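**Q** Listed below, chain by chain, are the residues.
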Amino acid sequence: METYKLTVNGQPKEVTVDPGTPLLWVLREDLKMTGTKYGCGIAACGACTVHVAGVATRSCVVPVSLIGDRPIVTIEGIGQDPVGRAVQDAWVSEDVVQCGYCQSGQIMSVVALLKRTPKPTDTNIEQSMGGNICRCGTYVRIREAIKAASQQLK
Amino acid sequence: MTAATNSANDLLLSRRSFLRVSATAAGGLIVSLYLDLPLAAQEASQAKPKVYPPDAFVHIKPDGKIVIQVNRLEFGQGVHTALPMILADELDADWSQVVSELAPAADVFKDPLYGIQMVGGSGSIAHSFQQYRELGAKTRAMLVAAAAEQWNVPSNQCRTEASVVRGPGGRSAKYANLAVAAAHMPVPETVPLKKAAEFRLVGKKIRRLDSRPKCDGSLKFGLDLDLPRMKVALVAHPPIFGASPRSVDDTAARSIPGVADIFEIPTVSKGTAVAVVADKFWTAKQARDRLRIDWDLSGVERADSSQLREKYKALAGTPGNVAVARGDEKALDGIAATNRIVAEYEFPYLAHSPMEPLNTTVRFDGNRAEVWAGSQFQTVDQMAIAEVLGLKPDQITFHTEMAGGGFGRRATPDSHVQREAAAIAKRLTGTPVKLVWTREDDVQGGYYRPMHVHRVEIGIGADGMPVAWHHVIVGQSIVAGTPFASFIIKNGVDETAVEGTADTHYDIPNFHVSAHHPTVNVPVLWWRSVGHTHNAFVMETLIDELATRAKMDPIAYRRKLLKPDAKKLRAALDLMEEKSAVWRTKLPKGHAVGFSCHESFGTGVACAVDVSIENERPKIHRVTVAVDPGLAVNPLTIESQFQAGVCFGISQLMAKGAITLKDGYVEQSNFDAYTPPYIIDAPAAVDVHIVPSTEKPSGCGEPPVPVISPAVVNALSQLTGKRYRTLPLVTV
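Heads up: the sequence lines are chains A and B, in that order.
Residue 132 in our numbering sits at position 132 of the first sequence, with consecutive numbering throughout.
Residue 580 in our numbering sits at position 580 of the second sequence, with consecutive numbering throughout.
In case anyone wonders, no lab produced these hints; they're calculated from the structure.
One or more hints might be untrue.
[Unchecked claim] The list that follows gives simulated cross-link-like pairs (lysine-lysine, PhoX-like), each with its CA atoms no further than 25 Å apart: (1) B:Lys619 / A:Lys147; (2) B:Lys619 / A:Lys13; (3) A:Lys13 / B:Lys280; (4) B:Lys619 / A:Lys5; (5) B:Lys619 / A:Lys32.
[As the list claims (entries may be wrong)] Per the computed footprint, the stretches of chain A lying under chain B, defined by three or more beta-carbons under 8 Å from a beta-carbon of chain B, are: (6) 44-58; (7) 138-147.
No experiment lies behind these values; they were computed from the predicted model shown.
Backbone N, C-alpha and C define an ideal beta-carbon position, used for all residues, glycine too.
Chain A extracted, bound-state conformation (with noise of 0.2 Å):
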């Protein structure tokens, strides 16, 4: 067992665990925050993506050792961002959600790619959320959700 002090959405956190503790069961289970989810356990699926220092970070894979202290943004707290918010609001106006499941992951990998990439084309698009699986495939409106967010951010 080692302690880590953590920055998670600005504030700062302390952890116990072992050392190979993914960050996504750190955050799920220690710092009970759950909205970052877990599906598949191999960064093959998305939904437990978090920004680590800006970067969308499949969070199942990154041992909780590795993060030193490069500041976290998870779900619950990108709403505080501008570009969060938008994305966010886009979510819900387009109605883009059905089970839900996957759509921290899908919002977090959209909110990186448009800091990078305000105004995506499609192949942007395709190729920053092409980790990201949403089984009941509601990939038609998240395409219209993100082009809608990218109009709110000019």
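Let chain A serve as the given structure and place chain B on it in line with the hints.
**A** Here is chain B on its own, set in the frame of chain A:
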């Protein structure tokens, strides 16, 4: 004295009478609300006036909020919004004040037709539309009666809008202020319902009520549950269904800090599994990985996809149990070989793989238990848990948790996940335990859409239309050995295996369908749209092939062959033809359009797909879908269900879209090898058009799935000249 006012005094009577009145009108609702309290507490709690009598379903709060109970699981299909819309419309409620809640397991929340509490068969709206209308209308009538009595005016001089009753002389009262008085009004036995033109919510595009909490991480799914002192359990399942450990070495596993217990539990497939209970998921996962289990694999059947394929093909060459025998069985004999199509189709096992892995939390307290589960089958699961714990079902408080998808996977007749959870909780009496299935457990854990082989022989008449059709379907029965068998298996035919073929809407004069249901050591289950997943593929690709041979327009051919009374399919075909004309008449080079139409769960669907080939895969540029679901309760949800449901449907076409077994072992374990569609695989655009209708609503959860795969391969056939009869689509 009006009916609305005459019995106010009668209702200020004993609590027992009160119970009786309420129960008559809304079906035992009080009992359901106080299920987890002893009888004495139930009696005591009713000494004060109820806030509102039909309060199993509706609770009008003093602050104006109207809480509506949804009698089914929400797992994406949208009933958490649509059912409250139906009730709130008849109630004339202020929609902005409506709060939707998933109801716990209780008799009052059982499906009005099926008699158990469940989601399945796309029946949520179809079965509860009338029920929720009546609940809303009765509640409204009682509020009006209360206002009329207070104002001493006839209730027919009162009207309602946006949670307010308005009476003569400018009188008005908010529902919130009438709720207590209304609670003492008699529940009317019958109420007039609105005409379609009077709907204010039904038929409108209403956004989902659960969007925001699903977008900010605040919504709690079953897997997100956290209770004081809760433990997490993982289970090491036998690598082959039904096996048991010869020995278990758990020394290394137990040495991990946080591991609480490791013990064997029975599996429903008559084997034995090993449960690991720890403080957290990751601890339990580490411990499970360190178990050294010597599995005894003797005596368990080792299913093997290759061997099953050969066996099924052989069976398909012989007639099975008769599902349909229409016309002359010998009609084929007189048709020359050159005027026949002989086609053999193969379909693999498919896993549902809902994004939220399976889970259930149970706390057993000796003489009671509390359960939290995202269940499609609350009644069945509650009974199973009761059986494992040695309790009666009414000693189990069963909370329905929001679920991250399901597609049939959370509707298991044997409740195998809940039985595991109960067996573990029983050992840890007093401690809540959350059982979690990892993704690997899910992909390898069975309960698949069954593998199938179809063999079809068609005789074609001089006009290019099918004269004779012999169809043999081979695949495991989903319901054999379950309580559903008695009403789903008829004449040895599991209706869920032949649906979409046996009941085809095409008018084929000499039509013979039969089925074989071999027994295989692989648990199988209904996968969104069930038998239609394979039957629609077979029917719609063959009809397309027939149209091509006849050199006829594929839409015109379908229209010619459809029975005159196939009204929904005809309406859907017409609308699809009209709406897709703008793009399909000017396709870019290298693109082709594919069509299909199929009716399932009472809903007619037709689609046109624009497909090209990129990187040796079908690239789906555009889909136009037309749907006739009867009255469209929430057109926005229907649009969304169809846009996304066609994407779910193309799971069948994914290159890695199969579960296969070799020598008893499932060969895939996660999304790297069993791969659902990603955004790149999905249609870039799907436009959905709804046939205007005032017919009673039919389901929309499953009907999007069957149409898409045949339409896509019908387009591919035009591009390549090949026919596609084996899924998944490994090569184009």
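**Q** A separate judgement is required for each hint: does it hold in the structure or not?
**A** Here's how the hints hold up against the structure:
no.: 1; hint: B:Lys619 / A:Lys147; verdict: holds (21 Å)
no.: 2; hint: B:Lys619 / A:Lys13; verdict: violated (46 Å)
no.: 3; hint: A:Lys13 / B:Lys280; verdict: holds (19 Å)
no.: 4; hint: B:Lys619 / A:Lys5; verdict: violated (47 Å)
no.: 5; hint: B:Lys619 / A:Lys32; verdict: violated (41 Å)
no.: 6; hint: 44-58; verdict: holds (count 3)
no.: 7; hint: 138-147; verdict: holds (count 6)
In summary, the numbered hints that this structure violates are 2, 4, 5.
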